[in-house]
Amino acid sequence: MIINLDGSAYIDAHIAKTSKEMPIPPRPAVVVLPGGGYMYCSAREAEPVANQFKAAGCNTFTLFYRVMEEAKDKNPLVDVAKTIHHIREHAEEYHVDPHRIVTIGFSAGGHLSAWIASAFDDPVLEGLDCRPDLAIACYPLVKSHPECFKLLMGLDR
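Just so you know, the sequence shown maps onto residues 12 to 168 in the working numbering.
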């Protein structure tokens, strides 16, 4: 299922079906944040990662956040915040435990995973219930990479 957000951002959600014959408790939700230096979202860090968590019994939500010129003004942070908020608002519908929402990101996505875990109370996120219950940052972008941070700051390259 595709869930559209602002601009070009969208979520590719994979939600396990439940039935009366096979009742299961609400599942953890894993928000996958692919890398790509805030220039693109890497396919190899998206669906293959989501599939592994899905196979382990989680519902997955791969976020294709805004990149390039759309990455300015904290837009990727807003995208992940809206994703987490959306999952919590629809927890019953998605059969998700709203207290077990995990972000996992790679490279720029790792930066984004750590960013939302530490900046969930940023004024730009006011009104969004967006603090992840666990954040995993895989080889995160943590050192000042000039091109990536120029995109985030909205500076000319």
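No lab work stands behind these hints: they were computed from the structure. Please note that a few of the clues may not be correct.
Claimed, not checked - For each label pair, taking beta carbons as the anchor points, the in silico distance ranges come out as:
hint, residue 1, residue 2, range
1, ALA130, SER19, 29 to 39 Å
2, LYS31, TYR150, 36 to 46 Å
3, GLU32, GLY138, 15 to 25 Å
To be verified - The calculated lysine-lysine pairs, modelled on BS3-like cross-linking and capped at a C-alpha distance of 25 Å, are:
hint, residue 1, residue 2
4, LYS28, LYS93
5, LYS28, LYS83
6, LYS93, LYS65
7, LYS83, LYS31
8, LYS83, LYS93
None of these values were measured; they are calculated from a predicted model. Glycine included, each C-beta is placed from N, C-alpha and C at the ideal position.
Margin query: Under the constraints set out in the numbered hints, which ones does this structure not fulfil?
Written below: 1, 3, 5, 7
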